[in-house]
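**Student:** Residues per chain are reported as follows:
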Amino acid sequence: MEHFERAREEIAALPGGEDVFRRFEEHLRANGVDLEKSGVVLGPMLEFDGAVEWFRGAWAGRRANPLLHRRDRPPFVIPERV
Amino acid sequence: MVAVCDPDRSLQAREREDAARRGEPLLTFTDLRELYDCPEVDAVVIATPNHWHALAAIWACQAGKDVYVEKPVSHTVWEGRKLVEAAARYKRIVMAGTQNRSNTGLAAAIAHLRSGALGPIRLVRGFCYKRRPSIGMVRGSRPIPPEVDYDLWCGPAPKGPLLRERLHYDWHWVWETGNADIGNQGIHELDMCRWALGDPGHPARVLSAGGRYVYEDDATTPNTQVAYFEHPGLPPVWFEVRGLPARADIEAMDHYRGVRIGLVVECEGGWYAGGMGGGWTYDRQGRRLTQFSASGTETHPRHFVEAVRDRDPRKVTAPIRMRPSLQRAAAPGEHLVSSRANGAL
Chain A
1 MEHFERAREE IAALPGGEDV FRRFEEHLRA NGVDLEKSGV VLGPMLEFDG
51 AVEWFRGAWA GRRANPLLHR RDRPPFVIPE RV
Chain B
1 MVAVCDPDRS LQAREREDAA RRGEPLLTFT DLRELYDCPE VDAVVIATPN
51 HWHALAAIWA CQAGKDVYVE KPVSHTVWEG RKLVEAAARY KRIVMAGTQN
101 RSNTGLAAAI AHLRSGALGP IRLVRGFCYK RRPSIGMVRG SRPIPPEVDY
151 DLWCGPAPKG PLLRERLHYD WHWVWETGNA DIGNQGIHEL DMCRWALGDP
201 GHPARVLSAG GRYVYEDDAT TPNTQVAYFE HPGLPPVWFE VRGLPARADI
251 EAMDHYRGVR IGLVVECEGG WYAGGMGGGW TYDRQGRRLT QFSASGTETH
301 PRHFVEAVRD RDPRKVTAPI RMRPSLQRAA APGEHLVSSR ANGAL
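Protein chains in written order, with the working numbering: chain A, 1 to 82; chain B, 1 to 345.
Which stretches of chain A does chain B cover? Using the computed rule of at least three CB atoms under 8 Å from a CB of chain B, they are:
| hint | region |
| --- | --- |
| 1 | 8-21 |
| 2 | 31-40 |
| 3 | 56-69 |
No lab work stands behind these hints, which were simulated from the structure alone. Here a beta-carbon is modelled for each residue, glycine too, at the ideal position from N, C-alpha and C.
Only chain B is shown next, with the shape it has when bound in the complex:
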């Protein structure tokens, strides 16, 4: 690692201290455009808030850097397309942080299902049952931490007052910077659903419903959601997001056939239930048939490094082309849900 860039100088300091403990030199930057001017940098890992992903990746391509960009690779559909164009134009290696694409156990499970081992696939269900507490409610705007360059932090998003307690992380739950949990943790599981369908293009029809229930807080995104994706000639996909627990008096989350975060693929002769941690196939009576272990996810960054080193895009296990398709097509329905909730439409 040559350099880190963060508009929060306290995080730069933390990285500098870690590097010093390892006895390694480390350049630090506040503005990523200065980092991109740095000739020692060959490739970048983009782990900014979502509203910065596409622009940061496009600027990197234009500067001749290869890119590993966290999911979702873009905040909107249009900018995802622009990133695909930039990667092609500048001939850069660009890989998405959907690390399950390097999970050989999941790949084997999906190949098994797609071979027809359980008969034709009838329905694909994705799940993101992940506890998300309230982010609280502030009275008026909050001060920006002095160590943060707020203009750079906001970047392409509106530079408005901070109307929540915590600047970091909770940007996920505000539309100007985040994509709700369907576009956060849910991206991994939506990607698995799309993989199970054989990586089709965009869905032809999408519908979303839900709301932000129980909490009255500063977040604007739903904490409970169901979304439907229809690809012509393929089984339907249902995606479910739950941020609330199974019951009001406990913290444990619901599950569907044992899955809280993952997917269930329903076939004529049984089903698969699993995800990044592995899974099983079952017959129609619910008897376990075949186990698929989890393995290989940790190799995902290595595949990026190998692709960069060998200038070989075939080694990219999670290409961005069409990576945004199901994920990003999810967002418009999602946005529409939220905007209507806010009375903006």
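Chain A on its own, in the form it takes in the complex:
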């Protein structure tokens, strides 16, 4: 959980992001959410290599790429070669 100010900074730095975060914040405050207390779960900017369908960069290895796959429960397993 990140402080909402940090989420604001990161999102506002993206094209169109300032308006998106302002409305996100207004919406939550209208629902009685104390953002200073609740915070925002902020994911990192993930870089995706579409050619191999794999993340690259700092977050790729341990965190992002494992989420591209699921360990199926036998015998309900999708094989590597279908």
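On the provided structure of chain A, position chain B as indicated by the hints.
**Tutor:** Chain B in isolation, oriented as in the chain A frame:
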């Protein structure tokens, strides 16, 4: 319809009764592998929870059945790729349930925007402002309904205790089986955003932020989220999910330029606001220019039947190849958000 399969036997019974009222015979199965062995079945419609979509579709391809699979076509990126491979290897017709791809009014709107009628596209916004109440909080595990084969219901997902009140539907809001609303209702609108961009491949950069606000319940997915998608050389896509109302004291949902569930395409000379129910283009002063009605969505299943009958994949209006791209690439950022919220990472 030849047969239905459901691990919930009470739902089989309901379908049998409906078929009997129509005077039609109906086979019923609990295990879809038995249904796939059935030679009377040519094609299947997969409307399981998300964690079953890809495996059920791959098994169907391997059994020589054609497939209409509900969105999202897969629960993870990798298994989506495996389904694409299976469809090619077994030469099956496989179509996604993103029925807006058969919406001729939306197709006309997107063609109009892409022709440059409002100038270059600058930004694409997708919206899923759909009221989602709390799913409640149970104390300890709940009993599995006796009519449900829980082992088959769980399938490839972990077979853990039922830690929510309702087995059915609320699986959307638990990561082991669902994909949050961005990967549920949001798939339709993300697909529209991608369509508006000209169906590019995967995004090169994605970011997601949000949380599960107001509720303390058994769900693990966010009910409020913003997500950013960047394709090289193309306008950015912002996607917004809101499950909470516009204000704490009302039930009505927010909207953006009149859109609650749909998309807004911002162009240099104005914008389009609409979705599956139709929409309008506007000039920069907000004056209405052209209306695009909604039509054709109901023909989506028919296109699948025609493609199956004619063995012609060109008649598939929602092919699965790259269908998972923007949608599924959304999920990793999404998963990361949730996992961090759970302290799992």
